[in-house]
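Protein chains in written order, with my numbering: chain W, 1378 to 1529; chain F, 1378 to 1529; chain Z, 1378 to 1529.
There may be inaccurate statements among the hints.
As the list makes no split between identical chains, a pair holds if one copy fits it or if it spans any two.
To be verified - Calculated lysine-lysine pairs in the DSBU-like style (CA-CA distance at most 35 Å, straight line):
1. 1407 - 1424
2. 1455 - 1400
3. 1420 - 1455
4. 1420 - 1498
5. 1455 - 1424
6. 1473 - 1420
No wet-lab data here; the hints were simulated from the structure.
Quick caveat, the model's predicted, so the values are computed rather than measured.
Each chain is listed here by its residues.
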Amino acid sequence: MTRAPAAAAKSIKSAAENNMHVKIELKTTKRGEFIDVTSSVQKEVTKSAIDNGLCIVFVPHTTAGVTINENADPDVVKDILMMLDRQIPAADHAYKHSEGNSAAHIKASLMGSSVSVIVEKGKLQLGTWQGIYFCEFDGPRHREFWVTIIHS
Amino acid sequence: MTRAPAAAAKSIKSAAENNMHVKIELKTTKRGEFIDVTSSVQKEVTKSAIDNGLCIVFVPHTTAGVTINENADPDVVKDILMMLDRQIPAADHAYKHSEGNSAAHIKASLMGSSVSVIVEKGKLQLGTWQGIYFCEFDGPRHREFWVTIIHS
Amino acid sequence: MTRAPAAAAKSIKSAAENNMHVKIELKTTKRGEFIDVTSSVQKEVTKSAIDNGLCIVFVPHTTAGVTINENADPDVVKDILMMLDRQIPAADHAYKHSEGNSAAHIKASLMGSSVSVIVEKGKLQLGTWQGIYFCEFDGPRHREFWVTIIHS
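Pulled out of the complex, with its shape left as it was, chain W reads as follows (with noise of 0.2 Å):
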């Protein structure tokens, strides 16, 4: 597990102004780690002053993902790595794809596309033990995350 570091977090707002929609970069150092965003996350929804409703993160790529789960031990999202690729070979004579990256693109769909998570008064409704992670599959590699706040 790696925090995004502010730094690397950098919002883009769509060419609308619309501040429901906003793209954050960030920098992978790995072939395969999950990094916890929930902060930029919180931060965009901060900045939206939407009250109540729903925040969707989605991720535009097709060998990254994104998930929720534990954000206390670092080691929970490191077993989620490892017993993905244990299940999913980065090697195997049945792969057809040429580039080579086809446990990237399963995993991808296994973790999913985009996470959502209820807004109210401001806050992202997490779990206690809840944070959001951007799952890089096949970096290091710049990226993106979208994120969007849908007003209740």
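Dock chains F and Z against chain W, hints included.
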């Protein structure tokens, strides 16, 4: 599969009395089990008096998840649990998380922390055989899930 | 990967003529296949005339799912199907569900029953290589998926 007894489901209005975001408690009785919460969720949709929109069922735990699958034959969810157990071993020398429940964390991310269901005319729009299941992977425990309805 | 033929996609307005919730039929032709439905979904977004919001694609079946993954090289989704087949065997002595399609139910929950995609200026906001795939795991069958758009 266990149907949540009516007595175990207790709605708690949020402090703001926002009737679109409620917390429902449930008690799980096994290490791993899928509990059909569809009728509890429908009850909240009905109480909300929101005719059309989107219902989000969110699980605020990191060793439990939520999924939609068959509600006709209880053997289906038993088979899902069995295969997850076989693929993600409970004990493994490579797990680093000291609490010994890494498998439950991994299964939680595989199932996901929320499901989204369309609401039309005050009814959850589910397929004929679909039910919403709270997925316990590290019970028995006192748990909760959150129901939020966004007006469309 | 098979692109849904235009003729197979038929929109059905809901009884209330709510143009934000439509059902699209499709016919699958194999036991397991991923069908790119992105253009069918975009067509519904365009018809809805909703500029900004959230699009939910929901699959009302329990042996089919939906996921977002690469739409450039058709081998990517073939590799996902292949690895799911290998990890979740079609036949296993431990399956209890008598219909013999437990593997399809398990894969459906692994992929998930819905995806959420942001809509901006009337366009689905997807990454460069992302497509939305209907995931058939127990075909061939007549199937449907539902598209709902929530205004933000």
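So, going through the hints one by one against the coordinates:
1. Taking identical chains as interchangeable, the C-alpha atoms of residue 1407 and residue 1424 lie at most 35 Å apart only when both belong to the same chain, with a minimum of 30 Å there against 43 Å between chains.
2. Taking the shortest Cα distances, residue 1455 and residue 1400 sit within 35 Å of each other both inside one copy (26 Å) and across copies (30 Å).
3. In the homo-oligomer, the alpha carbons of residue 1420 and residue 1455 lie at most 35 Å apart inside one protomer (26 Å), although the nearest pairing across protomers, at 39 Å, exceeds that limit.
4. For a Cα distance limit of 35 Å, the shortest separation of residue 1420 from residue 1498 qualifies both inside one copy, at 14 Å, and across copies, at 24 Å.
5. For the identical chains of this complex, residue 1455 and residue 1424 are intra-copy neighbours only, at 31 Å inside a copy versus 42 Å across copies, given an alpha-carbon limit of 35 Å.
6. Taking CA atoms no more than 35 Å apart as the test, residue 1473 paired with residue 1420 passes between copies only; the shortest distance there is 31 Å, against 41 Å inside one copy.
In terms of the numbered hints stated before, the structure departs from none.
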